[in-house]
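**Student:** Sequence:
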Amino acid sequence: MSDYNKLKLTPSKLGNLQIRRTQRTKNARVYKKMANQKENWYPLPEDQLPAEITSFRFIEIIYVNLDVIAFLKRIQRLLQDGEMTLRVRIFHDQRRSLQIFRTQIWPLINKNMQDNAQQQTTLNDLPNLKLLEYCDVSPSQEVIDWLHNSSTDGRPKTVRCGLPSEMVDQLRTRFVDASLPTIFIVLVHCLDDPIEPFQIDNDVTNERMELKPLPDALPNTTEFHHRRLLVRCPVDRNVEQWAQFEQTVRNWELTSHRCLYIEFDDSNLGEDITNEEGEGTSNQ
1 MSDYNKLKLT PSKLGNLQIR RTQRTKNARV YKKMANQKEN WYPLPEDQLP
51 AEITSFRFIE IIYVNLDVIA FLKRIQRLLQ DGEMTLRVRI FHDQRRSLQI
101 FRTQIWPLIN KNMQDNAQQQ TTLNDLPNLK LLEYCDVSPS QEVIDWLHNS
151 STDGRPKTVR CGLPSEMVDQ LRTRFVDASL PTIFIVLVHC LDDPIEPFQI
201 DNDVTNERME LKPLPDALPN TTEFHHRRLL VRCPVDRNVE QWAQFEQTVR
251 NWELTSHRCL YIEFDDSNLG EDITNEEGEG TSNQ
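Take the sequence shown: its letters are residues 1 to 284, numbered as in this note's numbering.
The set of hints was computed from the structure by calculation and includes no laboratory data. All values derive from a computational prediction rather than experimental measurement. Don't take every hint at face value.
To be verified - When the alpha-carbon atoms are kept at most 30 Å apart in a straight line, the in silico DSSO-like pairs for lysine-lysine are as follows:
#1 33 to 13
#2 8 to 33
#3 73 to 32
#4 6 to 33
#5 73 to 8
Put together the whole structure using the sequences plus the hints.
**Tutor:** Dropping the structure here:
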């Protein structure tokens, strides 16, 4: 019997999996809470992923050691789907965790990385990726470039992240200078002083860029002043359709279909992996 059978939602799909450590043994396990509130723990499968499993519903990683990395390698083809939602919630002061994500986990998602940890990663190797989250961290130049690499299905790429004012200025400048259209939505957490809303048009691309408060945020609240939607869209657009796009971004927490959710900190790293990551352990 395959080790994956108890983790399936359907014959071809893994269900909701949470990878964490047990309090008693501190080993990495798959945790599942059943409908009757019973808690079940399963060992990480050690055999290869059966060919009939082609998808997953939700995988959350809140603890990482070498066993977890080995498991992710075994299910790597599911992580390279490109249609999944990737959510990364690692705070900027968790330096070892960021290092582990960049060198051990990200290469498993990026098709062009394979086993070469020195090769540069690029989000553009996941052309169908639509949702990306950076929590408490401003996005890299790579993310900015990814936003400007147009998708082919008419849906905007979306990012939720912290965004300093100078990066908003960079996006605005690229928009003004653009000669080719693209579409995206950024749910902005202002990392410095609140950024004033604006709306500008580009007559060359027939597009509009707008920075606006969240429509459902109450005036004179922290959310109203520090959270914004930055939207780049056609001037002549389907208003109802774009309202749905924006609502999807605001309802980010409800996203659970093919979602890989990575949320751990330096206290949830196994000793084996921190010892292997020499650079990570030195950044204290």
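**Student:** It remains to establish, for every hint, whether it holds in the given structure.
**Tutor:** Consistency of the hints with the structure:
{"no.": "1", "hint": "33 to 13", "verdict": "18 Å, holds"}
{"no.": "2", "hint": "8 to 33", "verdict": "14 Å, holds"}
{"no.": "3", "hint": "73 to 32", "verdict": "21 Å, holds"}
{"no.": "4", "hint": "6 to 33", "verdict": "13 Å, holds"}
{"no.": "5", "hint": "73 to 8", "verdict": "18 Å, holds"}
In this structure, none of the earlier numbered hints is contradicted; all agree with it.
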